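Participant: Sequence:
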Amino acid sequence: MRRSSEVPLIARQQEVDAFRGALERAAEGEPGVLLLGGDAGVGKTRLVTHLADVARDAGARVVVSHCVDLGDVGIPYLPFTEALTELRTVPAVAEVIAARPALTRLLDPASGSGTDHAERLQLLDGVAGSLAAAGRAGSPLVLVVEDLHWADESTRDVLRFVVARLRSEHLLVVATYRSDDVHRRHPLRPVIAELHRQRPVEHVELSPFTPDELREFTTATRGEPLDDAEFDAVRSRSDGNAFFAEELLDAGQPSAGLPWSLADVLHTRLQRLDPAVQQLVRLAAVAGRQVDESLLRAAAPRLPGLDAPGAADAALREAVAQQVLGMEGQHLAFRHALVAEALVLDLLPGERTTMHRAFLEALCAEPALGSAAKRAHHALQGHDLTAALVASREAARSAAELLAPAEELRHLEQVLSLWESVPDAEGLLGEDRVALALETAAAASSAGLPMRAEQLARRAVESLSDDPGRQARLRHVLVRYVLDLESLDDALAQSSGALDVLLPGATDVGASGTFPEVTDAAATPELAWTLAVHARVLLTVDRDDEAGVFARQTVDVARRADAPGAEADALTTLAVLEVGTPDTAAELVDRARERAVVAGDLRTEMRCWYGLATTHFYAGHLDEAARVLEAAIERGRATGVIWGVYGVQLLDLALLVSYFGGDLSEQPIPDGAPAPALVYLDSGRLYAAVAREGGDAVAAAEALRPSWGVDGQIALVAGGLLADALTWAGRYDEAVATAEEVAAHVGATWSEFFLGRIWLSALALAALAEDAEAGPHAAAEAQELLDRGDTLLAVAQETARRGRPRGGSLGPEGRAWLSRAAAEHSRLRAALTDHPADPELWEATVKEFDFGYRYEVARSRFRWAQALRATGDVPAAEVEAAEALGEAVDMGAAPLADAIHAWGRRARVPLPGARRTSSVLTEREEEVLVLVAQGLSNRQIGERLYISTKTVSVHVSNLLAKLGVSGRAEAVAVAHRRGLIGV
1 MRRSSEVPLI ARQQEVDAFR GALERAAEGE PGVLLLGGDA GVGKTRLVTH
51 LADVARDAGA RVVVSHCVDL GDVGIPYLPF TEALTELRTV PAVAEVIAAR
101 PALTRLLDPA SGSGTDHAER LQLLDGVAGS LAAAGRAGSP LVLVVEDLHW
151 ADESTRDVLR FVVARLRSEH LLVVATYRSD DVHRRHPLRP VIAELHRQRP
201 VEHVELSPFT PDELREFTTA TRGEPLDDAE FDAVRSRSDG NAFFAEELLD
251 AGQPSAGLPW SLADVLHTRL QRLDPAVQQL VRLAAVAGRQ VDESLLRAAA
301 PRLPGLDAPG AADAALREAV AQQVLGMEGQ HLAFRHALVA EALVLDLLPG
351 ERTTMHRAFL EALCAEPALG SAAKRAHHAL QGHDLTAALV ASREAARSAA
401 ELLAPAEELR HLEQVLSLWE SVPDAEGLLG EDRVALALET AAAASSAGLP
451 MRAEQLARRA VESLSDDPGR QARLRHVLVR YVLDLESLDD ALAQSSGALD
501 VLLPGATDVG ASGTFPEVTD AAATPELAWT LAVHARVLLT VDRDDEAGVF
551 ARQTVDVARR ADAPGAEADA LTTLAVLEVG TPDTAAELVD RARERAVVAG
601 DLRTEMRCWY GLATTHFYAG HLDEAARVLE AAIERGRATG VIWGVYGVQL
651 LDLALLVSYF GGDLSEQPIP DGAPAPALVY LDSGRLYAAV AREGGDAVAA
701 AEALRPSWGV DGQIALVAGG LLADALTWAG RYDEAVATAE EVAAHVGATW
751 SEFFLGRIWL SALALAALAE DAEAGPHAAA EAQELLDRGD TLLAVAQETA
801 RRGRPRGGSL GPEGRAWLSR AAAEHSRLRA ALTDHPADPE LWEATVKEFD
851 FGYRYEVARS RFRWAQALRA TGDVPAAEVE AAEALGEAVD MGAAPLADAI
901 HAWGRRARVP LPGARRTSSV LTEREEEVLV LVAQGLSNRQ IGERLYISTK
951 TVSVHVSNLL AKLGVSGRAE AVAVAHRRGL IGV
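Every letter in the sequence shown is one number past the one before it in my numbering, and letter 581, counting from 1, is 581.
Derived from the structure by calculation, the hints contain no laboratory data. Because the structure is a prediction, the values reported are computed rather than measured. Do not take every clue at face value.
[Stated by the list, open to error] Across the chosen pairs, the derived CB separations fall in these ranges:
| id | residue 1 | residue 2 | range |
| --- | --- | --- | --- |
| 1 | Arg939 | His745 | 37 to 45 Å |
| 2 | Asp313 | His267 | 45 to 53 Å |
| 3 | Ala365 | His196 | 43 to 51 Å |
| 4 | Gly326 | Asp590 | 57 to 65 Å |
| 5 | Glu798 | Thr871 | 27 to 35 Å |
| 6 | His196 | Ala961 | 50 to 58 Å |
| 7 | Ala368 | Met451 | 34 to 42 Å |
| 8 | Gly138 | His267 | 45 to 53 Å |
| 9 | Asp583 | Asp544 | 47 to 55 Å |
| 10 | His186 | Asp307 | 37 to 45 Å |
| 11 | Val344 | Ala368 | 20 to 28 Å |
| 12 | Arg165 | Asp590 | 25 to 33 Å |
| 13 | Ala365 | Asp466 | 52 to 60 Å |
| 14 | Glu634 | Pro187 | 20 to 28 Å |
A virtual CB, placed ideally from N, CA and C, is assigned to each residue, including glycine.
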């Protein structure tokens, strides 16, 4: 019988054709990605082996790499390290590697270049650049990554990065994964969904053989057709799975005795082998589908039956000869991972432990045979907890050096879980559990898991109740994570408690500035940091004067204690307090950032970047804010901390700045976003969504309601935009109620007069004005709308007076929304009373928003045009409406553009792009009929359309005659049936 690898590929022609097309495009400079999914054993490896041959025959360079299953531990970037190791002999690739030291450390961990957090982007860019350099016109690189379902998080990040960067490279990536393993919560699932949205990605799902294909396959492997009974047995038991069918045939038993399970099949095959060979392949299976040959040779003699001189070599040669193992590059490999998995499942627990210990002993004797992560894996499975502790700690350091925080976190948590089980863990590692827990918290924060970071830090600090001095010195670490979760009362209690121990009397200083004396001996980095975080807490709870006192004291203590990180943090706090003088604030933040870089304190550095960006943003300097954000986000990605708290805030602010500038496109979620970050980014993306989709964005905004309790900022943004979307949807009462609900929620969380209340009041007033204009309203109802409007305007104005904007006055955006609140209030009154429209209020609003808020300029300009038309200034109204319409169309603000067009037809204001109707009714008659359908009287219709009541009566008579009806209700019904007006 021949193996499947020895017979021509059966079926799969459609998949091969898709690959050939992608290969041809890659050869011409159009890169691509082929995702190949399918159940275990369906034939993915056989297909990619054939595709690799096809590529080589076409002149392509082919590199095959693999992900491996090491359980909860992982080796960062493994398949890409494997690929670059093979490609580094290519001169063009060698040049890329030489220009990027981060790649050298990835490929040669023993080079000892140290940890430079600026290297992560260099590493990602270097991988992408190396892959691009390996291909050329007519001879692309085909990179095969097998078993993507086992990929670690860093590998998934690299894949995302490479795919997102594809432009004109001569590169084709083929990645395989087990569909049956990728369950709903599998970490690969969102990656696949994300990749599907990328232009160069094609997805192929490999199906089992059909009966005809299976018959062709069994005939080819057996060398002759099976009789019907045997074929039916193979078909029913394999269900078209190529690997299982092949193993069933190779069992060589009569059909009545064919084994029912894959494990039975493999057991039957192994029974034919010499006992030493069986022992060797079981040992290899414990390592996974692939195993390094040198490692297997080093581990084998440590097992009974393979310990005789030459026994392991002889068994290995026989295993290869019997096609149980084969060579894949520098590794020995089973033909399929299912073989290894079935063999491991067949082992008794004691046998499995013994074999893992054999690998562990080999790795300890010769560390160059494998990574610390691999050593930790075998130690854990071999129940050597001491070795697992030490190896996991080493693996965490290696992951940190490679800027892989998720993997670092997993290894550190493994160390913590083993701590109580290992005698003298502190002596073995040279550090105590508290220090280790705080390092684990830092890794969790860098990985974008703020709640986990806070939990780890809290446990560590609270465990020091018997050492109040050390506990106080470390509370500042906990405070920083508590602030990330906006638990302000807790943060203030923690920092105050620490100061009561470290600097008694300090918390009684208030704004007087008279501090207890801090001697040089007392001026420690821990005290500097405690003062710095206390200043930040005071800033957050709006005790600005006290925050300034503590921040200035921090700078003094930090300089004496040589604590540049704490100094940077305090300078950033001082910069926030100087927001009223943007140039001074920007200078302070720049100084702070320089000190953070000196300290190597990435967290504080990212806070500095965020502070600099917000300084420019709140000053209305949007171009400068965008420049800072671009540099800051690049720095965050380069250092691997983009998913920390300040990295996420920078990404969120970047969405807002882009929207302010008029970009209403749907921004993709950045690669690798952890779940806690998604809610912030989704709320930021709502701004453009509401402007782009209007009422259709209600569902997206409603979906964020359960997250209001996560952060007041999410409630403010998502809730306010929900109110705006409800207004576009014509659900005015709900819009006002939502704005009021959000104001109450955030007010209870922050303070009653938080400045965002001005925005919410303006949005609620806009909903009231829309409701008033939609009419008709009874006198009592109209009075209720007016009363609510008066209240909302008063709240906005009171908030502006008492909301304590830093710098003493509202910034450009605050002034603009306050102006719009007044203008919307005027619009409300004009719709319900004899109060005249006030174009000047809208003109002032347009000018206030003109600091760079493009969408709101257009929306306010439209309202200005309406007010001008209401006062009879039609030429001026036409100019402003046309300008607003042009901006709306250019931005893609379809709801706003549609609203301007509709108003233009009603108000008889000619606008670019206005369409004529093909209805039996004139445009004016259609407009009258729409308002008739709303229940408006002739007088109210006249007010809406700026025509007399008598003219309305003429239009009504004409449309009744054209429709052949006798009354208004009948006219509306007929018009609906004919599709002349919408429902």
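Participant: Now look at each hint and say whether the structure bears it out.
Facilitator: Here is what the structure says about each hint:
Range check, arginine 939 to histidine 745: about 42 Å between beta-carbon atoms, so the 37 to 45 Å window is met. The hinted range of 45 to 53 Å is not satisfied by aspartate 313 and histidine 267, whose Cβ atoms lie roughly 25 Å apart. Checked against the hint of 43 to 51 Å, the pair alanine 365 and histidine 196 passes, with Cβ atoms roughly 46 Å apart. A beta carbon spacing of about 60 Å between glycine 326 and aspartate 590 agrees with the range 57 to 65 Å that was offered as a hint.
Distance hint check: the CB atoms of glutamate 798 and threonine 871 are about 30 Å apart, consistent with the given range 27 to 35 Å. Between histidine 196 and alanine 961 the C-beta distance comes to about 57 Å, which sits within the given range of 50 to 58 Å. Taken as a hint, the range 34 to 42 Å holds for the pair alanine 368 and methionine 451, whose Cβ atoms sit roughly 39 Å apart. At about 49 Å, the CB distance of glycine 138 to histidine 267 agrees with the hint of 45 to 53 Å.
Taking 47 to 55 Å as the suggested C-beta distance range, the pair aspartate 583 and aspartate 544 does not conform, at roughly 19 Å. With their beta carbons about 41 Å apart, histidine 186 and aspartate 307 fall inside the hinted range of 37 to 45 Å. Hint check: valine 344 to alanine 368, Cβ distance near 26 Å, so the stated range 20 to 28 Å holds. For the hinted restraint 25 to 33 Å between arginine 165 and aspartate 590, the CB-CB distance of approximately 31 Å keeps it satisfied.
Here the CB-CB span from alanine 365 to aspartate 466 is close to 42 Å, at odds with the stated 52 to 60 Å. Taking the beta carbon of each, glutamate 634 and proline 187 are about 25 Å apart, inside 20 to 28 Å as hinted.
Checked against the numbered hints given earlier, the structure breaks hints 2, 9, 13 and satisfies all the rest.
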